[in-house]
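A.B. asks: Position chain B with the ligand against the provided structure of chain A, taking the given hints into account.
Protein chains in written order, with the working numbering: chain A, 59 to 539; chain B, 28 to 499.
FYI, nobody ran anything at the bench for these hints, they're computed from the structure.
Careful: at least some of the hints might be erroneous.
The calculated BS3-like cross-link candidates involving lysine-lysine, where the alpha carbons are at most 27 Å apart (straight line), are [claimed, not checked]:
hint: 1; chain 1: A; residue 1: Lys204; chain 2: A; residue 2: Lys274
hint: 2; chain 1: A; residue 1: Lys295; chain 2: A; residue 2: Lys62
hint: 3; chain 1: A; residue 1: Lys204; chain 2: B; residue 2: Lys364
hint: 4; chain 1: B; residue 1: Lys253; chain 2: A; residue 2: Lys111
hint: 5; chain 1: B; residue 1: Lys252; chain 2: A; residue 2: Lys111
hint: 6; chain 1: B; residue 1: Lys252; chain 2: A; residue 2: Lys83
hint: 7; chain 1: B; residue 1: Lys253; chain 2: A; residue 2: Lys131
hint: 8; chain 1: A; residue 1: Lys488; chain 2: A; residue 2: Lys477
Owing to the predicted nature of the structure, the values given are computational and were not obtained by experimental measurement.
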Amino acid sequence: MHVKIGLEVHVQLTESRTKLFCGCKANYRGMKPNTNVCPVCLGLPGALPVPQKDPLILGIASSIVMNCRLPGKVVFTRKHYFYPDLPKNYQITQYKGYGTPICLGGSLRYLDPDEWEWREVRISRINLEEDPGRSVYEEGGIMRSKYVLIDLNRSGVPLLEIVTEPVLKSAREARRFVEALLLTLEYIGVTNPRLEGAFRADANVSIYGGERVEIKNIGSTLDLEKAINYEILRQEKLIEFGGKVIRETRHWDPIKGVTRPLRHKEEESEYLYMPEPDIPPVPIEPLMKEAMARLKETPWRRFEELSSMGIPREQAWSLIQTRPALELLLMAIPLGGDPILLAKLIAIDLKGELKKAGRNLYHRDNWPSPKTLAQISKLIDVGSINYDYVKLNVIPKLASNPILSLEEILPKGKANPKKLAIIAVNLSRKAVKDYLKGRKRALEYIVGVGVSMALSKGLSIDPREIRNEILKLLKSNKINI
Amino acid sequence: MMTVTEKLRLISKESADIIDFIEEIFNNIKRCEPKVNAYISLDSMEIAIERLMNSMDKGKLSGILVAVKDNISTMYMPTTAGSKVLYDYVPPFDATVVERIKKDGGIIIGKTNLDEFAMGSTTELSAFGPTRNPWNLERVAGGSSGGSAAALAYGGCDIALGSDTGGSARLPASYTATYSLKPTYGLVSRYGLIPYANSLEQISPMARSVEDLALLLEIISGWDKKDATTLGLKRIKLTDISPADLKELRICIPLNLIDIAEKEVKREIWRFIKRLETEGSRIDEIDLAWGKEALSAYYTIALAEASSNLSRYDGILYPTENLGKNYRNHVLLARKKFGFEVKRRILLGTFILSEGYKDRYYVMAARLRRLVRENLMKLVTKCLIVLPTSPTLPPRIGEKIKDPITLYALDIYNIIANLAGIPAISFPIGFSSGLPIGAQLMTEPLGERKLIAAGLSIEELTGLRGMVADAC
Ligand SMILES: [Zn+2]
Numbered sequence: 059m060h061v062k063i064g065l066e067v068h069v070q071l072t073e074s075r076t077k078l079f080c081g082c083k084a085n086y087r088g089m090k091p092n093t094n095v096c097p098v099c100l101g102l103p104g105a106l107p108v109p110q111k112d113p114l115i116l117g118i119a120s121s122i123v124m125n126c127r128l129p130g131k132v133v134f135t136r137k138h139y140f141y142p143d144l145p146k147n148y149q150i151t152q153y154k155g156y157g158t159p160i161c162l163g164g165s166l167r168y169l170d171p172d173e174w175e176w177r178e179v180r181i182s183r184i185n186l187e188e189d190p191g192r193s194v195y196e197e198g199g200i201m202r203s204k205y206v207l208i209d210l211n212r213s214g215v216p217l218l219e220i221v222t223e224p225v226l227k228s229a230r231e232a233r234r235f236v237e238a239l240l241l242t243l244e245y246i247g248v249t250n251p252r253l254e255g256a257f258r259a260d261a262n263v264s265i266y267g268g269e270r271v272e273i274k275n276i277g278s279t280l281d282l283e284k285a286i287n288y289e290i291l292r293q294e295k296l297i298e299f300g301g302k303v304i305r306e307t308r309h310w311d312p313i314k315g316v317t318r319p320l321r322h323k324e325e326e327s328e329y330l331y332m333p334e335p336d337i338p339p340v341p342i343e344p345l346m347k348e349a350m351a352r353l354k355e356t357p358w359r360r361f362e363e364l365s366s367m368g369i370p371r372e373q374a375w376s377l378i379q380t381r382p383a384l385e386l387l388l389m390a391i392p393l394g395g396d397p398i399l400l401a402k403l404i405a406i407d408l409k410g411e412l413k414k415a416g417r418n419l420y421h422r423d424n425w426p427s428p429k430t431l432a433q434i435s436k437l438i439d440v441g442s443i444n445y446d447y448v449k450l451n452v453i454p455k456l457a458s459n460p461i462l463s464l465e466e467i468l469p470k471g472k473a474n475p476k477k478l479a480i481i482a483v484n485l486s487r488k489a490v491k492d493y494l495k496g497r498k499r500a501l502e503y504i505v506g507v508g509v510s511m512a513l514s515k516g517l518s519i520d521p522r523e524i525r526n527e528i529l530k531l532l533k534s535n536k537i538n539i
Numbered sequence: 028m029m030t031v032t033e034k035l036r037l038i039s040k041e042s043a044d045i046i047d048f049i050e051e052i053f054n055n056i057k058r059c060e061p062k063v064n065a066y067i068s069l070d071s072m073e074i075a076i077e078r079l080m081n082s083m084d085k086g087k088l089s090g091i092l093v094a095v096k097d098n099i100s101t102m103y104m105p106t107t108a109g110s111k112v113l114y115d116y117v118p119p120f121d122a123t124v125v126e127r128i129k130k131d132g133g134i135i136i137g138k139t140n141l142d143e144f145a146m147g148s149t150t151e152l153s154a155f156g157p158t159r160n161p162w163n164l165e166r167v168a169g170g171s172s173g174g175s176a177a178a179l180a181y182g183g184c185d186i187a188l189g190s191d192t193g194g195s196a197r198l199p200a201s202y203t204a205t206y207s208l209k210p211t212y213g214l215v216s217r218y219g220l221i222p223y224a225n226s227l228e229q230i231s232p233m234a235r236s237v238e239d240l241a242l243l244l245e246i247i248s249g250w251d252k253k254d255a256t257t258l259g260l261k262r263i264k265l266t267d268i269s270p271a272d273l274k275e276l277r278i279c280i281p282l283n284l285i286d287i288a289e290k291e292v293k294r295e296i297w298r299f300i301k302r303l304e305t306e307g308s309r310i311d312e313i314d315l316a317w318g319k320e321a322l323s324a325y326y327t328i329a330l331a332e333a334s335s336n337l338s339r340y341d342g343i344l345y346p347t348e349n350l351g352k353n354y355r356n357h358v359l360l361a362r363k364k365f366g367f368e369v370k371r372r373i374l375l376g377t378f379i380l381s382e383g384y385k386d387r388y389y390v391m392a393a394r395l396r397r398l399v400r401e402n403l404m405k406l407v408t409k410c411l412i413v414l415p416t417s418p419t420l421p422p423r424i425g426e427k428i429k430d431p432i433t434l435y436a437l438d439i440y441n442i443i444a445n446l447a448g449i450p451a452i453s454f455p456i457g458f459s460s461g462l463p464i465g466a467q468l469m470t471e472p473l474g475e476r477k478l479i480a481a482g483l484s485i486e487e488l489t490g491l492r493g494m495v496a497d498a499c
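Okay, chain A solo, but in the shape it has when bound (with noise of 0.2 Å):
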């Protein structure tokens, strides 16, 4: 393949209680500016940073969960970069040379969707640090505002920079990888990606084994995509017409879909890397236990259980995609639903018409509870409502009140069993006649009909007492065939 594509994802540990290196909450949002702040995260002179429990673990588990050679101890190194939004000047994180990374090495094994194919992308490193402060920009942007106003709140918020080697192919491909890590960091409670800024990523993309173009600032996985193709084009138009590729770092610019080169002051960087004096190097042992503890699921794992129980694997993927559809199906097994129902409600039906009634799918209370899920599931099993009646009846009124009780959804009226049973039979003309010669399953054809029969009319029926009618009928020889 002539593309060849590295990442470098900025993660956010956004489920983290605490920043990096204070108490400070690493979820900000919706917070006043400047107001989730503390001495250490504003980087007052005599304020230290003091590793905190809670984002170690996090990224120990993202570290595991990625198949990652884990050093003995984390090491924490200081970045020197001068930046209105950093407030020391320095950015503390790791470095091969000075401090260990949080994972030296290790793979993300996942499956993608285009191919339903498994891949493993290599991770060559994992960076745990503190992102910056926020610069806000009024009047239209960096290059016109007159001024910047910064917000420290996301100052020392823990970032896991993570980095694959170079062996991606497409920005498709790319694309599948990122939502991949997303999902992945997602089941272990490290991260929520459909938090605003809870991740960020730059790509390296070369062609012809030519020099590498870094494109900085994408923030979204479909944003990746169109970088990276608008990238490749580039390279390749500019190769087309005799030009050659230089290596430069590019900014993408979401608003016009393209990438321009940064000026050429903004790249050069001496980063002055110091081993950080205020932080001794933390053993990872005492840690791994807690660590492992997170990572009793992943999507992966979850994808091929759904699998094995005959789930299509759409349906399982559509499952994996949105927790808490999955775990509905999940708990609505053991109450007796029937799991290749349940995954076709949840992940088709449910899932289709909340998404029509602009629910949030990640939202558990916008789901209807398990037992009624299995409910369903057993009502249809034993034929006393029939699934069309579900989807189009039952589904909308549970999606779009999902506390509603069965008995509130289901028909009101009862249906005659007797009257329904003549009916049945005699819409069931070869059903009887085979049922009559002695195959006995076809009893279950009519009573279905009877079933449908009383439910078209927006009766409820116990399918025990229509089939003893039926059989009554039968078995009395007042069947003219």
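C.D. replies: Relative to chain A, chain B with the ligand alone:
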């Protein structure tokens, strides 16, 4: 002048009034402070007494007046680090040591002068003017904790805090005939200490007697959850120690290092060693061949850390009167306010960490530091190492300031303890033409009890305790 321990004894027997002691100290301040310039910020006597009355905390320092070096954060007084960059900066938090002193009833009356960001050995490099030596106003008080040492020496406080990065507390103690103890690295929390060289420095008690040093160190020592480099131990008990038997002492003297001292210093240190020998101490001669290289390693590490620590002063979170045209310009304006020596050290530190030079300097220094530590560990478990605290008598004001290499060399005896992270106690041993001369003992990590025990008997031997200068 009475030591803290003596005062506390009288107060507890109710045979003395705290207020009289406080008055005595403020009288000294009134007389000497205009000439000496020991304090950057200072409370009035009325405020000190009010604090005493309002203080709910009664403890081992009740009614004792404490001077704190102005690179240690206090919420109720500016903390300037002797720099224009932090001119009006009032931290929103107290250093852990300040919290602990307050909790034990100590009354912090002022913040003492220092070389800007503790970078210096004479307290001449402060944005607030030099501190003079109360024993001879033409001389420096040493540095960088010169303000604390001078305040002690003229009786302007009971007890004081300094910080010791490479002798910054011991050197001024020796120039002012006072005492200081640089603790084992990690024994005292650095939370709230404005950093100069994080891996080397410790907040250090300063006093007019060994007993007072022990009292203050006992209060400020011990693990702190806010400082990841503190050792995992509770406060160490230091106030129950009896003087060591001098006959049991084993002393090692590094001949090659003593050799480079000025002749007055050499004469006093040898006299002191001979006295110990007469008392029955065992004296062994040793050679610390790496002494001069250690000084280079020390400065290499200190300057690298300093340049990194000081990068945060960009005029954004700290008081600024002028706003620059743009970010770059604003940062440059703010950083112009650093003094010359600070700028020099930032430049050197940046150079040391640059690609292409880092291996030759920084990495090499770190390796040398390990070797020094390993070599010393073998020695300090066997004997107490004795050295002068300074190779020279207190220099005249302005004498050394122009020549950085000579200035840096003042620290040669002191940096050893900081490089290795071991404790060292400095104490007065005599005078030469009215100028104090000090010596120090070093021992193994967490050997503070040994140093206090030896210090107590040496103090008895020299009789130089509770001294107050009379030049002002
Ligand atoms: Zn904080």
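A.B. asks: Given the hint that lysine 252/B pairs with lysine 111/A, does the C-alpha gap stay at or below 27 Å?
C.D. replies: With a Cα-Cα distance of about 13 Å, the restraint between lysine 252/B and lysine 111/A holds, given a limit of 27 Å.
A.B. asks: Checking one constraint from the list: CA of lysine 253/B to CA of lysine 111/A, max 27 Å. Satisfied?
C.D. replies: holds, 14 Å
A.B. asks: Check whether the Cα positions of lysine 488/A and lysine 477/A lie no farther apart than 27 Å.
C.D. replies: It holds: about 20 Å lies between the C-alpha atoms, which stays within 27 Å.
A.B. asks: Lysine 252/B and lysine 83/A: Cα distance at most 27 Å?
C.D. replies: holds, 18 Å
A.B. asks: Is lysine 204/A within 27 Å of lysine 274/A, Cα to Cα?
C.D. replies: Given pair lysine 204/A, lysine 274/A holds - Cα atoms ~24 Å apart, limit 27 Å.
A.B. asks: For the pair we were handed, lysine 253/B and lysine 131/A, check the Cα-Cα distance against 27 Å.
C.D. replies: holds, 20 Å
A.B. asks: Mind checking the alpha carbons of lysine 204/A and lysine 364/B for me, to see if they're no more than 27 Å apart?
C.D. replies: Answer holds: lysine 204/A to lysine 364/B is near 26 Å, not above 27 Å.
A.B. asks: Need the status of pair lysine 295/A, lysine 62/A: alpha-carbon distance at most 27 Å?
C.D. replies: holds, 17 Å
In summary, the structure agrees with every hint in the numbered list given earlier.
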